[in-house]
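Let the sequences and hints guide you as you build the complete structure.
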Amino acid sequence: MGRKLLLEHINVPGINTFEVYRQKGGYASVEKALKKMTPDEVVEEVKKSGLRGRGGAGFPTGMKWSFLAKPEGVARYLVCNGDESEPGTFKDRFLMTYIPHLLIEGMITSSYALGANTSYIYVRGEMMPQIRILEKAIAEAKANGFLGKNILGTGYDLELYVQPGGGAYICGEETALLESLEGKRGNPRIKPPFPAIAGLYGCPTVVNNVESIAAVVPIINDGGEEYAKLGIGRSTGTKLISAGGNLVKPGVYEIDLGLPVEEFLYSDEYCGGIANGKRLKAVVAGGSSVPILPANLFLKTINGEGRLMSYESLSDGGFVSGSMMGSGGFIAFDEDQCIVRNTWNFARFYHHESCGQCSPCREGTGWMEKVLHRLENGHGSMSDMDLLVDVAKKIEGNTICPLGDAAAWPVASAIRHFRDEFEWHVTHASEAVTRNYGLAHYADPLPKPEPKPEATA
Amino acid sequence: MLRVEDTVQSPVEFSAALIAQFDDVVSRYPAGKQKSALLPILHLVQAEFGWTSAPAMDKVAEYLQLQPIEVYEVASFYSMYFLRPQGKYVLEVCRTGPCCLVGAEKIMDHLEQKIGKEGEVTADGLFSWRGVECLAACGFAPVLQIGPEYTFYEKLTNESVDQLITDLKAKG
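From first to last, the protein sequence lines are chains A and B. Count the first sequence with the working numbering and you get residues 63 to 519, in order. Count the second sequence with the working numbering and you get residues 937 to 1108, in order.
Note that these hints are calculated values from the structure, not bench results. Heads up, the beta-carbon is just placed ideally off N, CA and C, and yes, glycines get one too. You may find that some hints are simply not true.
As the list claims (entries may be wrong) - Looking from chain B toward chain A, a few residues come up when the C-beta cut is under 8 Å (computed): (1) Pro966; (2) Leu974; (3) Pro976; (4) Tyr1008; (5) Val1010; (6) Met1016; (7) Leu1071; (8) Gly1075; (9) Ile1082; (10) Glu1085; (11) Tyr1086; (12) Tyr1089.
Below, the structure is given as structure tokens:
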């Protein structure tokens, strides 16, 4: 069993309160950083840890921090991205609900490192209960001297606020989030300038995912080098994986990066296998934007090596036969699921969520949705698959923000790996509306698990 | 989409208690950056009145010293703000992929039978429902939420939905 860094105390009753969290060693990283370290030393530890942004892009957090401009007399901001909206991902909701002080502690330590005196946690508006939880945690931390003026007598001041979003996937993109935080529509900004130079209110700003900020706590407590010992290669530390879809035990799991995917999927410690004794058809490994893989390619790379839960191994094979770690939104599809229907569903999602600034995305996502809808409903034609690939190609790379890519990849990969299923929707149009294509050759290479004998009491 | 009939409502009044909440929100931002308060304030308005009507948005613009269009364009961009009246309880069901893998579509079919067409308000004014995009609760799917507190209901079945509707009806 891997070491838990973020969720170690998740089952302790009352861990959502300041008192219990503190008893369990909480806020030690704030004491250590503010009393014994300079801000630059904190940044250095995060660099050493090799922590990569947990929101999806996987960019090294320490490096992002070191880009922050520090002009004299200009405020700097840390903004936490709690807009978690990527289909398949629900780890940040879990973390904010059950162990909110971990995020608050991470925010204080990180704000100190960046020299921010006002920081915001932007949480998607639908998570109103989590917003209340965080506001309560902030009030508790403030009452105990960890926020406000002159924290722990060190002379460092920090105010922390929670900002609700209004319901828009695009606000998970950092510049759209900043626009939204400024009270505007969530239209992503053209980069450069990057937020590190001109972010919130035109001031230097760092935007980090909830889990990245939380990971700063064990990094400062144990040291960056200790953190980097966990994991594999450039995938250091632990990662929260949101496991959903047709699984025996869906939920949030903290894994050491480098865990074999087979173990994650089938062992009772994690997902416990496919629900209802079914077989695995396909997996989306890192949230709806990443390429979907058929079971056989997911469990083993094209070279026959067992795949690992790490940034490198999941992307082994590139877009031809690999996928991505993304945000860790792990979606398992059983043999009864229809890939065409799911691809249409995702395309509709991206069409709905496109902000409309860039024509390729605004129009292209709509076309993909329409073409997929007619395929799913038995009105498609054989040329539709090439048409979809063509539209996807014309969106990809031609938009201000990555939403265009995120919309294109799932469609392109579904056609790449499941083309026969799409064609069957054309050749067997009337049958396709009444039944699903089934498992075909995407089969899970592992034998179907024997039903477990009933436990005798 | 804003419609003419929605804009010719009688003017709304904001209570002193509501204004005090607005003031608290505005205090979170640097001086002159009060526009940042727009999204939180629209949530407060919707919690108070059940939707964000044009007269209410005009009042918000006045309060934040913005042009009304700056409020309209924001309210119409984000999916959470209702630009027309809704049922007292709006059941928002997640309709995105992971929820559909485990039966969200059946839940929506059931709601259509039980409450009516998506977006329509029941005759008693109590209910309406709509499909919304991923609510970040895929491990507990299918899910729905009900504002303004956005209480969550997880692992839905037709029976649990029936029970929920019965309970809400009793609450009135």
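A quick look at each hint next to the structure:
1. The criterion of a C-beta within 8 Å of any C-beta in chain A is met by Pro966 (chain B), whose closest approach is roughly 7 Å, and the hint holds.
2. Checking Leu974 (chain B) against chain A by beta carbon gives a least distance of about 4 Å; that is within 8 Å, so the hint holds.
3. Using the Cβ-Cβ criterion of 8 Å, the hint placing Pro976 (chain B) at the interface with chain A is satisfied: the shortest such distance is roughly 6 Å.
4. Nearest Cβ of chain A to the Cβ of Tyr1008 (chain B): about 11 Å, over the 8 Å cut. The hint is violated.
5. A cut of 8 Å between beta carbons decides the hint on Val1010 (chain B): the least distance to chain A is about 6 Å, and the hint holds.
6. Hint status for Met1016 (chain B) relative to chain A: holds, with the closest Cβ pair at about 4 Å, below 8 Å.
7. The beta carbon of Leu1071 (chain B) is positioned within 8 Å of a beta carbon in chain A (closest approach about 6 Å), and the interface hint is therefore held.
8. Because the beta carbon of Gly1075 (chain B) sits about 4 Å from the nearest beta carbon in chain A, less than 8 Å, this interface hint is met.
9. The beta carbon of Ile1082 (chain B) is not positioned within 8 Å of any beta carbon in chain A (closest approach about 11 Å), and the interface hint is therefore violated.
10. The interface hint given for Glu1085 (chain B) holds, since its Cβ lies 6 Å from the closest Cβ of chain A, which is under the 8 Å cut-off.
11. Residue-level restraint check for Tyr1086 (chain B) holds (minimum Cβ-Cβ distance to chain A is 4 Å; threshold 8 Å).
12. Of the supplied interface hints, the one on Tyr1089 (chain B) is violated, with its beta-carbon coming no nearer than about 12 Å to a beta-carbon of chain A, more than 8 Å.
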